[in-house]
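2 protein chains.
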Amino acid sequence: MDRWDGKDPDSFAEESHRQDSVNLLTFILLLTLTILTIWLFKHRRVRFLHETGLAMIYGLLVGVILRYGIPSTSYHNKNPPSCALKEGPVSTLLLNVSGKFFEYTLKGEINSHEIHNVEQNDMLRKVTFDPEVFFNILLPPIIFHAGYSLKKRHFFRNLGSIITYAFLGTAISCFVIGNLMYGVVKLMQAIGQLTDKFYYTDCLFFGAIISATDPVTVLAIFNELHADVDLYALLFGESVMNDAVAIVLSSSIVAYQPSGANTHTFDAAAFFKSVGIFLGIFSGSFAMGAVTGVVTALISFFTKLHCFPLLETALFFLMSWSTFLLAEACGFTGVVAVLFCGITQAHYTYNNLSEESTKRTKQLFEVLHFLAENFIFSYMGLALFTFQNHIFSPIFIIGAFIAIFIGRASNIYPLSFLLNLGPQGAMAFALAIRDTATYARQMMFTTTLLIVFFTVWVFGGGTTPMLSWLHIRSGADKVCWSGEGVFGLIRVLFSSQDGTQAEGQSKTKQESAWLFRLWYTFDHNYLKPILTHSGPPLTTTLPACCGPLARCLTSPQAYENHDQIRDNDSDLILNDGDLTLTYGDTAITANGAGSDGGAMGGPRWGLNGKRSTTDEALERDLDSHEQEVLSRGTRLVFPIE
Amino acid sequence: MDRWDGKDPDSFAEESHRQDSVNLLTFILLLTLTILTIWLFKHRRVRFLHETGLAMIYGLLVGVILRYGIPSTSYHNKNPPSCALKEGPVSTLLLNVSGKFFEYTLKGEINSHEIHNVEQNDMLRKVTFDPEVFFNILLPPIIFHAGYSLKKRHFFRNLGSIITYAFLGTAISCFVIGNLMYGVVKLMQAIGQLTDKFYYTDCLFFGAIISATDPVTVLAIFNELHADVDLYALLFGESVMNDAVAIVLSSSIVAYQPSGANTHTFDAAAFFKSVGIFLGIFSGSFAMGAVTGVVTALISFFTKLHCFPLLETALFFLMSWSTFLLAEACGFTGVVAVLFCGITQAHYTYNNLSEESTKRTKQLFEVLHFLAENFIFSYMGLALFTFQNHIFSPIFIIGAFIAIFIGRASNIYPLSFLLNLGPQGAMAFALAIRDTATYARQMMFTTTLLIVFFTVWVFGGGTTPMLSWLHIRSGADKVCWSGEGVFGLIRVLFSSQDGTQAEGQSKTKQESAWLFRLWYTFDHNYLKPILTHSGPPLTTTLPACCGPLARCLTSPQAYENHDQIRDNDSDLILNDGDLTLTYGDTAITANGAGSDGGAMGGPRWGLNGKRSTTDEALERDLDSHEQEVLSRGTRLVFPIE
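Protein chains in written order, with the numbering used here: chain V, 76 to 716; chain E, 76 to 716.
Don't read these hints as lab results, they were simulated from the structure. Keep in mind that this is a model prediction, so the values were computed, not measured. One should not assume that every hint holds.
Which copy is meant is left open, so a pair is good if it fits within one copy or across any two.
Said to hold, decoys possible - With a Cα cut of at most 25 Å, we get these calculated SDA-like pairs of lysine to any residue:
1) 261 with 238
2) 261 with 171
3) 272 with 514
4) 434 with 114
5) 348 with 90
6) 379 with 434
7) 379 with 602
8) 434 with 381
9) 261 with 378
10) 379 with 115
11) 261 with 605
12) 348 with 93
13) 348 with 238
14) 379 with 124
15) 348 with 251
16) 379 with 119
17) 272 with 464
Please model the entire structure based on the sequences and the hints provided.
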């Protein structure tokens, strides 16, 4: 029972509002502190800790204060009043207190052993956000930003490999970890450490959520190592896709419900149904995202909205967000839809936007992404102390660390292996917190939180100093893949694949190249001219019989820009010798003579490929924007053609 | 009882989440439609309807569909299950359904006559947002944007008049309308149309909320009429202040609670307590806003955060939002605090920001403001049909319209009279929806909604065509105040004040000028150098004895920029002949020879003073940004020095 007994609901509402403000204020001050410390670290060139790690530490500190510094508000009675009803749970319940009626809404079921925890600490309960906040408000800008800033030329070129690696890598990781954890669970049950239910599907679910890795840190490292641009695109693309696969995989595991009495044995029908659900959700979300992107492109193509940048930006923002909601409303996965929407928007709509809007949209999503990411990480720190239903099981936690290590090491694809050097990120946390209703899920949540902490602090902050210590950094003008250090290892790993696999791989590469050529031709000749102002005129690409239609659909600008666009668009042409990398103003020719005309393109932002921390003189010369880009892997923004 | 009876809570949560997505999607599609129609109207030069009016119409249409197009989901039973408890309402209630426990949270008290309405239509209930969403999420960006874009030179120059007019004007309007409405209520009670309680304080509360007017349309009209820049600043400043006064006034009226048995008679002690509360809340909120602004300025002054525009923008955004939460947490009014924070940020922090951040922050708040405003107006349209507890009382509504007309007409300050030509806006709605618990408040909410609708459609869309029809538009190069049409009327009104008042007015003006000079000297010599990089060096303004301190606090940039800044800062110098107006690239010299060096300043955006709708050739020459600024009164962004 709490302190509102007998008070009038007005003052209850007021106090509750004030409490909400204090809670939000806590987070905002946390973020402000984080920002100031990030600045200080950048300013003083402190590099041992990644900024997301910082946000977590501040969150932890505040969590400790909330947990132990504020006395519990429930002093009367541990049990809240309860009331019995014969019928099942209803969404709205009326409470009759001596003739006055009060309305109550259903929050959820609670386990019988938790009833005593309810109301234990009002403040702690209040800072616990509805998990849907993470899914509906914080994840979408992070994922959209990733899609919107995907390095498209190299992404599309490597699309086949990226998808293969992401699907296979995540599936392998999920099953290896899931099976190992099932062993751990069986062990725990054998020695009496686990009395509650913990099924095989729960283990697989854990494997799926823990397979979502954070691209940020891996990218930051690769940036410092001047890795090959294709490898870079592959890694970024894969880590982004990885999240998408992990989220869909986890929901299809949840959907696995065998029929019959024993609901937790293997059932082929249910298994194939789950596979079907996986494919259905993935392709449905992909379609949703692509369609919204194309619709936005069409709207911006057919209206002259670019005369009013504010309207244009607002429309762009709303359409991108609506993808998420549309997918969720249809039962697909909003986050995955938003990812593909971001890619489509960057590929088509971006070309129709006014110059002001291109900057506005980028900056808007950059700020949203930054705030959302830091919020999630500081919330993670907070949740370690304020979440009410933590279940710390040392055996499970140790088992999970070992399983993850084995799961990562057993990855036959070297790229996925590399990727797995990275820490777990926001996605793993969001997936774990989404459902903490059962004992198994609560144990998973606690373990996931600890794994994220550990990996962010160790891999996030530790990798760069470790690499420095190993002296494997290549110089500013050294060509990558030169065979030393980690990259040597990677090359060895790559080439040491046994013959069959290498052959299969090269076949896949060829196939994807052939597929890519087909897709590229179609996209360049038909989709771009129809959806954007930047393709070649349709009159030149469509057969003569379609002349009137072509003239009708071709934008007048297309004729004017024809020649220029052909140059810009060569960005996408698959050219074997073309490994030139244009980042910002610095061009590095790795091992080819091709030139992609990067300097001719529209606005280009990027990371400076020449960067080396020992080269501080150069760094000081860079302008503030470049410096920021350099020191923050998250916001690597690639040339968008 | 609803359709969740007996289902498991998981599927309940999933369905509820899907429903939430659909609801949000509805609003996003509404906004998208609004944006496209706004574009179409701009494109086709349709001017009879203001864009906020458009948003309302779309909201209305969707409201009608939701209300009448979707069958009610409650078919079993009109009454939700209720459960009795002897003790007062608690925040958390447990429901025991055959051994399973479900947690419920308190939503609020409901009147006994409304019990039958609960659960009547699940969909309608769901689209009804928590009113706190308006106060905590949607209003702050609107108000901050107003403060951040306040035309500061003219605003500070007229600060005395603005505050006087805003306080007196709102108080007069509130009391006139309140008293008239009390008469209406008495009449209704006499003829038996009103049986529930409706106190005098309720009438005053209604007077307060309806006194908040929307600046947008008045400004748009004045823009088209090329009004005098001081008058313009006065009006914008006053209308912004008006909202602040109305919100504080309404909360002090709510706080009026006489002691003793008869709680609704006049009680001098309670009255003075209310006045004290008014002054306390207003000054407290002002202090909060100013302090957060100054703290942000200090942070940006002492750190080199401007090297990292993203961090800078994020910090600026977080600090501005934290003002709101801080004020709410302390029991002050967040919206008022945010207004003064915006003014302080524009005055100090803006000077310390990097050039990229100045653009980013402006654009960010512009987009937020645009989305929030259009969302509120489409929600208003929706609420007319979906809000569950409407009480349409024809006598009250007609009475309210008459009272408002009289309240506006009886305003002795001509400027407030002019201002009152404008429609009610988002603030009146947000204040009215905040508390709809009692019968009186529900009647007020319905009436406020209708008044907003009427005034937005009539004053919002109708004024410009009406003015065109009256042929009182002055030409592009005609000096204002030339004595014809509405402005002639204003001049007459101004000069027709009786002698005493005119004398008092001129005294006030002189006093405020004296005060202004004092403030200006202090601000220019001490505050600006301490808080920004743009003042004169403190070493020149502080007495010689403070030399070391001055050297310590002065930014190195201050010495370099000293001469240049003196020119920029002359913006603020009160110069009697100085009525030169620099908007963007167009300078209009009204009746003085002064020059404020506007062209020398930093980045300047603005509205084009030369605009005339008949002058379409000129309009076509303007670049897209200018066109947008021109056609949208809301986003008038003034030069910020």
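Results for each hint:
In this assembly of identical chains, the alpha carbons of residue 261 and residue 238 never lie at most 25 Å apart, being 34 Å within a copy and 74 Å across copies at closest. In this homomeric assembly, residue 261 and residue 171 never come within 25 Å of each other (Cα to Cα): the closest approach is 48 Å inside a single copy and 33 Å across copies. Taking CA atoms no more than 25 Å apart as the test, residue 272 paired with residue 514 passes inside one copy only; the shortest distance there is 8 Å, against 52 Å between copies. In this homomeric assembly, residue 434 and residue 114 come within 25 Å of each other (Cα to Cα) both inside a single copy, at 23 Å, and across copies, at 20 Å.
In the homo-oligomer, the alpha carbons of residue 348 and residue 90 lie at most 25 Å apart only across protomers (21 Å), although the nearest pairing inside one protomer, at 49 Å, exceeds that limit. With identical chains, the CA atoms of residue 379 and residue 434 are at most 25 Å apart both within one copy (18 Å) and between copies (24 Å). Taking the shortest alpha-carbon separations for residue 379 and residue 602, only the intra-copy value of 19 Å comes in at or below 25 Å, while the best inter-copy value is 46 Å. In the homo-oligomer, the alpha carbons of residue 434 and residue 381 lie at most 25 Å apart both inside one protomer (13 Å) and across protomers (19 Å), since each shortest distance falls under that limit.
For the homomeric pair residue 261 and residue 378, neither the shortest alpha-carbon distance inside one copy (62 Å) nor that between copies (55 Å) is at most 25 Å. Taking CA atoms no more than 25 Å apart as the test, residue 379 paired with residue 115 passes between copies only; the shortest distance there is 9 Å, against 45 Å inside one copy. Proximity of residue 261 to residue 605 under the C-alpha cut-off of 25 Å is found in neither arrangement, the shortest distances being 58 Å within a copy and 67 Å between copies. Within a single copy, residue 348 and residue 93 get their C-alpha atoms only as close as 48 Å, which misses the 25 Å cut-off; across copies the closest is 22 Å, which meets it.
Taking CA atoms no more than 25 Å apart as the test, residue 348 paired with residue 238 passes inside one copy only; the shortest distance there is 22 Å, against 69 Å between copies. Taking the shortest alpha-carbon separations for residue 379 and residue 124, only the inter-copy value of 20 Å comes in at or below 25 Å, while the best intra-copy value is 47 Å. Taking the shortest Cα distances, residue 348 and residue 251 sit within 25 Å of each other inside one copy (21 Å), while across copies they are farther apart (70 Å). For the homomeric pair residue 379 and residue 119, the shortest alpha-carbon distance between copies (11 Å) is at most 25 Å, but the shortest distance inside one copy (48 Å) is not.
Proximity of residue 272 to residue 464 under the C-alpha cut-off of 25 Å is restricted to the intra-copy arrangement: shortest distance 16 Å within a copy versus 47 Å between copies.
Taken one by one, the earlier hints fail for this structure at numbers 1, 2, 9 and 11, listed in ascending order.
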